[in-house]
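Protein sequences, first through last, are from chains A and B. For the first sequence, the numbering used here begins at 42 and goes up steadily by one. For the second sequence, the numbering used here begins at 42 and goes up steadily by one.
Any given hint could be a false lead.
In this list, chains with the same sequence are indistinguishable; a pair is considered to hold if it fits within one copy or across any two.
[What the hints assert, rightly or not] Below, simulated DSSO-like cross-link-like pairs (lysine-lysine); rule was C-alpha separation at most 27 Å, straight line:
1) Lys213 x Lys339
2) Lys213 x Lys239
3) Lys109 x Lys99
4) Lys152 x Lys128
5) Lys99 x Lys51
6) Lys341 x Lys239
7) Lys213 x Lys336
8) Lys99 x Lys242
9) Lys99 x Lys213
It should be emphasised that the hints constitute simulated quantities derived from the structure, not laboratory data.
Number of protein chains: 2
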Amino acid sequence: MTTVKEIRLKSRPVGMPTRDNFETATVELRAPGPGEVQVKNLWMTVDPYMRGRMNDVKSYAPPFQLGKVMDGGAIGQVVASNDPSLKEGDLVQSGYGWREGYTAPANTVQKLDTKGLPVQAFLGVAGMPGLTAYAGLLRVAGLKDGDVVFVSGAAGAVGSLVCQIAKAKGHKVIGSAGGPEKVAFLKSIGVDHAIDYKAEKDLTAAVLAGAPEGIDVYFDNVGGAHLEAALNTARLFARFAICGMISIYNATEPPPGPRNLAQLIGKNIRMEGFIVSHHSDLLPKFVEDLSGWVKEGKVKWQETVFEGIDKAPDAFLGLFSGENTGKMLVKLA
Amino acid sequence: MTTVKEIRLKSRPVGMPTRDNFETATVELRAPGPGEVQVKNLWMTVDPYMRGRMNDVKSYAPPFQLGKVMDGGAIGQVVASNDPSLKEGDLVQSGYGWREGYTAPANTVQKLDTKGLPVQAFLGVAGMPGLTAYAGLLRVAGLKDGDVVFVSGAAGAVGSLVCQIAKAKGHKVIGSAGGPEKVAFLKSIGVDHAIDYKAEKDLTAAVLAGAPEGIDVYFDNVGGAHLEAALNTARLFARFAICGMISIYNATEPPPGPRNLAQLIGKNIRMEGFIVSHHSDLLPKFVEDLSGWVKEGKVKWQETVFEGIDKAPDAFLGLFSGENTGKMLVKLA
Numbered sequence: 042m043t044t045v046k047e048i049r050l051k052s053r054p055v056g057m058p059t060r061d062n063f064e065t066a067t068v069e070l071r072a073p074g075p076g077e078v079q080v081k082n083l084w085m086t087v088d089p090y091m092r093g094r095m096n097d098v099k100s101y102a103p104p105f106q107l108g109k110v111m112d113g114g115a116i117g118q119v120v121a122s123n124d125p126s127l128k129e130g131d132l133v134q135s136g137y138g139w140r141e142g143y144t145a146p147a148n149t150v151q152k153l154d155t156k157g158l159p160v161q162a163f164l165g166v167a168g169m170p171g172l173t174a175y176a177g178l179l180r181v182a183g184l185k186d187g188d189v190v191f192v193s194g195a196a197g198a199v200g201s202l203v204c205q206i207a208k209a210k211g212h213k214v215i216g217s218a219g220g221p222e223k224v225a226f227l228k229s230i231g232v233d234h235a236i237d238y239k240a241e242k243d244l245t246a247a248v249l250a251g252a253p254e255g256i257d258v259y260f261d262n263v264g265g266a267h268l269e270a271a272l273n274t275a276r277l278f279a280r281f282a283i284c285g286m287i288s289i290y291n292a293t294e295p296p297p298g299p300r301n302l303a304q305l306i307g308k309n310i311r312m313e314g315f316i317v318s319h320h321s322d323l324l325p326k327f328v329e330d331l332s333g334w335v336k337e338g339k340v341k342w343q344e345t346v347f348e349g350i351d352k353a354p355d356a357f358l359g360l361f362s363g364e365n366t367g368k369m370l371v372k373l374a
Numbered sequence: 042m043t044t045v046k047e048i049r050l051k052s053r054p055v056g057m058p059t060r061d062n063f064e065t066a067t068v069e070l071r072a073p074g075p076g077e078v079q080v081k082n083l084w085m086t087v088d089p090y091m092r093g094r095m096n097d098v099k100s101y102a103p104p105f106q107l108g109k110v111m112d113g114g115a116i117g118q119v120v121a122s123n124d125p126s127l128k129e130g131d132l133v134q135s136g137y138g139w140r141e142g143y144t145a146p147a148n149t150v151q152k153l154d155t156k157g158l159p160v161q162a163f164l165g166v167a168g169m170p171g172l173t174a175y176a177g178l179l180r181v182a183g184l185k186d187g188d189v190v191f192v193s194g195a196a197g198a199v200g201s202l203v204c205q206i207a208k209a210k211g212h213k214v215i216g217s218a219g220g221p222e223k224v225a226f227l228k229s230i231g232v233d234h235a236i237d238y239k240a241e242k243d244l245t246a247a248v249l250a251g252a253p254e255g256i257d258v259y260f261d262n263v264g265g266a267h268l269e270a271a272l273n274t275a276r277l278f279a280r281f282a283i284c285g286m287i288s289i290y291n292a293t294e295p296p297p298g299p300r301n302l303a304q305l306i307g308k309n310i311r312m313e314g315f316i317v318s319h320h321s322d323l324l325p326k327f328v329e330d331l332s333g334w335v336k337e338g339k340v341k342w343q344e345t346v347f348e349g350i351d352k353a354p355d356a357f358l359g360l361f362s363g364e365n366t367g368k369m370l371v372k373l374a
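Extracted from the complex, chain A is given alone in its bound form (with noise of 0.2 Å):
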C-alpha cells in the first residue's frame, strides 16, 4: 500500500456543514525511514466535537487546516515496520484518522491490545467516548447513591454509556434521544424512562413524568431546551456534568443560554464543564469497571457503520441530523 486516499478541509463551514467542505486527495505514503512505521487504517471515528475544530477558532482541540488532511482517532494495523517496538500486524490506536493510511513516527501511535473486544470498540466505549461518560457521571457530577440521573443525547455514544453505568449502579435512569428507534435502543438498554424529544412539546413535563421528583444529576450532550428542562427538574445539590452541547455547534449566530439560569441560585445546583483529555488518569480504573460490566452484561454498545473513506464526511454530517445509534464509525478495510 503505498497510495491512500485522504479528507482535506476544503472550506471552513459556516452554520451547518456540507459536502463541499471536505475533499478528498489522493497521496502517495512513503516507506517507513528509522523509527517510523507505514499503518494501514481499519477503522476512524467521526465526533461531534470535531465540529468545532472546522472552525479558525483557538479552542481545547486546535483547528483543522485548510487544504491540509483533517485528524481524529482511527484504528489501524502496521503494515512495515522500521521500528523494533511494532511489527507487521500489530494493531495500534492514533490520531491519524480521516485517511485509509500513514507512514509516521512509531512513538506517535499506540499499540493495541484488545483484550477479545472488537478493535473499533476503542473508539467508542473502551475509548474516548466511554472515559468521557466514566470521568463525567463519576468525577464531574459527583454521582452518589440515591441520585436520579438525566442523560441528554442518551442513544449516543456517551450518552447510552452514561445510562449503563448509572444503571449498574443501582440508578433511577431518564434518558432523551430522537425518535421511536433509539427510545426502543434506550429501553433495551435499561433506561426507565426514555423521553423521545422529537415528540415532546414541553421537556420539563416529559422528565417529571419520568422522575416526579426531580432531578439530582444531568449529563449533557445537547444544551438549549434540554438543559432548560434539567434546571426546571433539578432538585436542591443537583450536579450537572456539561459535556456537549450539540444542539447549538452549528448555529450563525450564538444562540440563546438557558432562561432559567437563575435557578442555579435557589437550587445551589452545580454546573461543570469538561474535556475528557483532564481526566485520562481515570483510564485504568475506567478500564477494569468496563471490563466487569461488559462480562456481567451490563454494557451493550451500538454502531452506526458508514464503509469507505469517501463516507467519512457522510459519516460526521450524520451526527447532527442524529443518524446514529451509538458510535458513529468509518470503516476503512
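Add chain B to chain A, keeping to what the hints say.
For chain B alone, coordinates are given in the frame of chain A:
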C-alpha cells in the same frame, strides 16, 4: 411603644416593583405574654433576594403574603420582657423586619453581642451579606493561591466584601459597578481594576484590560452581560460562584442566558449557585476572620441609609436602580 407602623405587600409586582405594591399599616402591639418579648426595631435590611419573595412562587425563601406584613432581617432593642433569657435594653437580631416593633416569642430572636462594631453592621458586613461573600468566595469558588478574581456588583454589600477578602489574601481583583462614585469606592478599597459598566460597551474588553491573562474566579451578583464577559475571559478550570442575578430579577419575560455558555466545556469551568443558609457552619470562622481583617484595617464598608419605616419601600426599590454603595439599610429609630 404599643402602636407601630409596618409595611405590607399590597400587590404582587409585574416586572419592576413600584411603591404601589406596598402599603403602610398601623398596628397595636400586645404586651408580652409568658416567654415573649416586645422589641423596638432600630434597623432593618432590604436585600435583592426579597424581590423573588414578592412573587407567588415557591423558592428557597417563602413568598411574602398579600395583605400581610413583610419580613426580613432587623436589629432592635428589647423594651419589655416576659422571659428570663432577655431583659430590657438587650439588643436582638431577628427576622421581624419591615416593621417598627413587634411582640414575639423570645426564642425567635437572637441576643446580639456587637463586639464593638456598630449594630447595623450585623445586617451587612458582619451579617448575612458578609457570610455570603465569605462562603461564596472561599468555599463555593474555592479561592486558591494565584487566582485572579472578577466581581460584579462589586460596590454592593456582598461584592465589596468579596473584593476585600480577596485583596486581604493577596489576589488581583477586577471589580465592576455602575457609575464613577462606585468606581471611586472600589479604588478606595484596593480593587486593582475598577470597571464602570455603565460607561463600557464591551465588558469582555473591560475585564481583559484589567486582567489580560484572564480570570480564575468570578463572583456573580448580576448575571446577564457580566456573566457572558466572565465566560469569555475565564481561564482553564475557572470557578464561578453564582450568588445573585440582579440584572434579571425584574424581567417580565425570562431573559436569555449567556450565549457563550458552551465555553464551560472547553475551559472546564465550574459554575455553582448557592444561598448562604447552607453555609451557616462557617459563621464562627467568618466572624473570627472578619474581626481580624477589621482590626488590621483590611476591611471597610459603606452604608446607604434611608430614614424611617415609610422610606423602606424606597430603599428596597433603590437596590434595582443602583442607589446604594455598600449595604442598603433603613434606620427605624
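query = Taking 27 Å as the upper bound on the Cα-Cα distance, should lysine 152 and lysine 128 be classified as within, between, both, or neither?
reply = within (10 Å within a copy, 80 Å between copies)
ask   = At most 27 Å between C-alpha atoms: does lysine 213 with lysine 339 qualify within a copy, between copies, both, or neither?
value = Intra 15 Å, inter 50 Å, cutoff 27 Å: intra-copy only.
task = Give the relationship of lysine 213 and lysine 239 under a CA distance limit of 27 Å: within one copy only, between copies only, both, or neither.
result = within (22 Å within a copy, 48 Å between copies)
request  = Give the relationship of lysine 99 and lysine 242 under a CA distance limit of 27 Å: within one copy only, between copies only, both, or neither.
outcome  = between (36 Å within a copy, 24 Å between copies)
task = Could you place lysine 213 and lysine 336 in one of the four classes (within, between, both, neither) given a Cα distance threshold of 27 Å?
result = Classified as within; 22 Å inside a copy, 53 Å across copies.
ask   = Checking lysine 109 and lysine 99: alpha-carbon separation at most 27 Å within a copy, between copies, both or neither?
value = Close inside one copy (17 Å), not across copies (56 Å); limit 27 Å.
request  = Measure nothing new, just compare the shortest in-copy and cross-copy C-alpha distances for lysine 99 and lysine 51 to 27 Å and report within, between, both or neither.
outcome  = within (19 Å within a copy, 54 Å between copies)
ask   = Between the shortest in-copy and the shortest cross-copy C-alpha distance, which are at most 27 Å for lysine 99 and lysine 213: within, between, both, or neither?
value = For lysine 99 and lysine 213, only the inter-copy Cα distance (26 Å) is at most 27 Å; the intra-copy one is 39 Å.
ask   = Is it within, between, both, or neither for lysine 341 and lysine 239, if the alpha carbons may be no more than 27 Å apart?
value = Cα proximity of lysine 341 and lysine 239: one copy only (24 Å, versus 55 Å across).
In terms of the numbered hints stated before, the structure departs from none.
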